[in-house]
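Engineer: As a plain string of letters, each chain reads:
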Amino acid sequence: MIDLSLDEVRARVAPILARHEGKDGVLISLLQDVQEEFGFLEASAMQAVADDLMLPVSHLYGVASFYSQFYFEPRGKHIVKVCTGTACHIRGAPAIQARLEEQLGIKPGETTGDLKFTLETVNCVGCCALAPVVSINDRVLNRREQRKLKSWIETERSDAPEAEEVAT
Amino acid sequence: MKRLRNVAALEKLRATLEKEPKPGIEVRVCCGTGCRAAGADEVRQAFVDEIERKGLDATVTTSGCQGLCERGPLVAVESKGLFHLGVDPSDVGPIVDLTLDRGQPIDRLLHHTSEGETVPWRDDLPFYQKQERVILRNCGRIEPTDILDAIRVGAYAGLAKVLDGMSPEDVIEEVKASGLRGRGGAGFPTGRKWEGCRAQPSGPKYVICNGDEGDPGAFMDRSVLEGDPHSVIEGMIIAAYAIGDVADGFIYVRAEYPLAVANLTTALAQAEELGLLGKNILGSGLNFRISIKKGAGAFVCGESTALMYSIEGRRGMPRQTPPRSVEAGLWAQPTVLNNVKSLALVPVILSQGADGFSKIGTEGSKGTQVFALTGKVRNTGLVEVPMGITINELVYEIGGGTLDDIPCKAVQIGGPSGGCIPRSLFDTPIDFDSLQEVGAMMGSGGLVVMDETDCMVSIARYFLAFTQQESCGKCTPCRVGTYRMLEIMDRIVEGKGEPEDLDRLQELGEWIRETALCALGKSAPNPILTTIRHFRDEYEAHVVEKRCPAGVCYSPGRYRIVEEECMLCGLCQDVCEDDAVRESREHYAIDAELCIGCGKCYAVCPAEAIVIETEALEEAETEVPV
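If you read the sequences in order, they're chains A and B.
If you read the first sequence in my numbering, its first letter stands for residue 1, the second for the next number, and so on.
If you read the second sequence in my numbering, its first letter stands for residue 1001, the second for the next number, and so on.
Any given hint might turn out to be false.
Stated by the list, open to error - Here are the simulated lysine-lysine pairs, DSS-like style, with alpha carbons at most 25 angstroms apart:
no.	chain 1	residue 1	chain 2	residue 2
1	B	Lys1600	A	Lys107
2	B	Lys1161	B	Lys1359
3	A	Lys148	A	Lys116
4	B	Lys1022	B	Lys1054
5	A	Lys107	A	Lys77
6	A	Lys150	B	Lys1600
7	A	Lys23	B	Lys1279
8	B	Lys1130	B	Lys1359
9	B	Lys1279	B	Lys1012
Because the hints were derived from the structure by calculation, they are not lab data.
Let the sequences and hints guide you as you build the complete structure.
Structural biologist: Encoded structure:
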C-alpha cells in the first residue's frame, strides 16, 4: 500500500477532477485517470472523487467493479499477460499459462508478494500470427524473447541489472 | 494547416496534393499490431538510418495493417511495388544497397510458391488475389497519422459529394439502395436504421461508432481504426448529416487498443483543424464533434444498450428493447450506433454511388466483409473478401491451407457467439443468411481454423467459459443458465459426463436462446448447439466411451501400465498427486476412477511402461487389482 496523507491524495486528484468538471458521463474516464495516477484505485482517492461528485463512494465501487480493468490493489512492477484468445488457445495458451503460474507462483489476477509480477490473462491482443502470445507491460514478446522468459523471471526476481533486456 | 471554408477548397487541396512530386523511392513499413510485435519499429528505424547514411533519395513511411501478419514485418518498396516479407533489421542493409539503389529485390525475402516460383509483387501474392479491399482500401497504403495522405487518396470525397447538393433524404436513400447491412454481426440494414432515427421528432440525437471489439481472436475493427481512422470519421459525419439534429458523436474503443486511441486522437485533431469537424463543417452549417470513449474491459459493452450506459458512466448492463436505440438511446435520446466497418463503408457508397457497391456480394448480402483469419492456418492475417465467397476459398486459397498440412476439421466463425462449421460444409458461401442456415453467424468477422488435433468439445467449452465469465448477471437465463451449461461441459471434458448430458445441454441451450435479455445471452449457447449438431460423434465419444478422439481432454482411464514392461520402481506412485496408482505384490496399476490424466506418471516412467490408450479399453476400466 502507498502511504499518503489524505491531503496529498486530494492534491493529486484535484487536477483530474478539474479536467472533467462540468461534463456528462465522465465517471469512467475519471476513474481511468485516477488509476493512471495511482496505479490502482486507491481507497482514499476514491473517497476524494466521491466527495467531489457528491456521490456515495459505494456508487463508484459499483461502477468500477463491473469493469475488469479497474484494480483495487497495487499491481506488480511487471504485468505479465497471457493471451487466451481463440487463436492462442488452440495454439497452446493453456500450457503457457500453467507454466507461468508455476514459475511465478501466482494465479491470473494475482500479484507476487514482492510486488514484482502481476499475472493476467487477456482476450486478444490482435497479433494472432504470433500465437501463443505473451506480453510484458503491454509489449508483445517475439518468439525469441518468449523462449527466454523463464530466465528473465529468475533474474528479475533476484534483482539483477541485466534483466531489463526483455522487459522494457 | 488552413481551415477549409467549403467543398471547393477541399477539392482544391486534394488536387494540389495529387500534383505534389512523389519522393524518388518510398519504403513503406507495415506498423500494424502484428508487424510491430514482430519488430517493425526496429526495421523502420534501421531504414531511416541506413538511407540517411547512404544519402539516397528515398523516404520511409509507415502504414496500418497490410494484412499478411504471419509473414511480418512487411516492407513494401512502393514505387516498384516490391514486397519483402519477414524483414529483420539485419536485412535492411542489403535491401537499401540492392533494391533501393540498384533495383534488385532480395530473393530470400520474397514470397515463393510451393512450386518454387518467386512472387515479387504484392498484388500477385495468392493471399491478395481473391481479396477485394473496400473497407481496408486505405489500410496499409496511407500514413494513418497524416490527414493529407488520406485526402490525397480520396478521404472525405464522399462527404464533399454529400454536402455539395445532396439532401439528408438523398443520403439515406443512397445507403438504402446500396443494401448495406451492419457489419457488427446482426446485419440490420444501415439505411433503415438511419431513417428510423431521422424520423424521431425530439433532439438532440447522437451518433456512436462501436469499436468495442471484444471477441477473442478478432482484430478487424482495430486494424481499421489504427490504419485508416479518417474513413470512420467521415462515415460518422455523413451519418450525422443524414440523421439531422446531431451535435455529438462518440467512438467507443476497447481499452486494450492504445494505438487505435492514439491514431484516432491525432486524426480527430487534424480533421478539426481543417474544418471537417466542429462548427459549420465545410461551410455547410453542419455542426458536429466527435469524442473518444475508452472502454474499461467488459465484453458485454459491445452490446448497443450496454455500450450506451457505459458512455453515460454507468455499469454496462444491457436493457430490454423496445424502445430501440434509434428511439431512446444515449441519455434516452434518439441514437444511431454503427460498427466501425459499416461506417468505413459509408464514404465509398456515397462517393462511388450505391450501384458500384451493390455489384459486389450476393443478393441478400452486399459488399465485402473483413475477417481475422487465425488458428491453424498458414497465412494468419487480415483479409477482406466479397460476400458469397466460400469457406473453402477463404481457408485454402487465401489462407494457404492448414499449418503442417494436418487435415482441417472445422472453422469457427463469428466469435464466441458464433458456431462451428465442419469441413463437409466448406462449400457454404459466406453471407449473412447462408451462415445462419448452418447454425453459425457472421458476427463481427473472427474466423478460426481448427485441424484434426483440436477437440470440438473442448473448443465449445472454451467459448462457453468465455461468455459465462462475461455475463453481466442481470438476467437469470444467462447468469445461471450458462453457468449450469458450463458445469455440464466441465464434467464432459473431465470424462465424467453421461449420455443424458447432451439432451440437457440442448434443452438448456434452447431455453437460454429463447429467454435471455440481450444478444450476448441469446447467442451464448451457439458454440455448444452447433458442435452438438455437427460433431455429435465427438460428444458421444466423451460421454459414452469416456475418451477424447483428439486426445486433448483429460480422460481418466486412458493411462495404463503395461505389466510386462514395468520394472516395479514405484516412481509413478510417488509422483501421482491423486493416489491413482495402486500397488499390490508385484504389480502396479492405475485406478481409472481416481486418475485425472495429468500425465506425470507417463513422463517419469524410466521403462516407458505407461501407455496412453487412444481407444477406450474395456479391461482398463474394470481391471483394478488391489
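Engineer: Starting from the hint list further up, note which numbers the structure goes against and sort them upward.
Structural biologist: Hint check: nothing fails, all pass.
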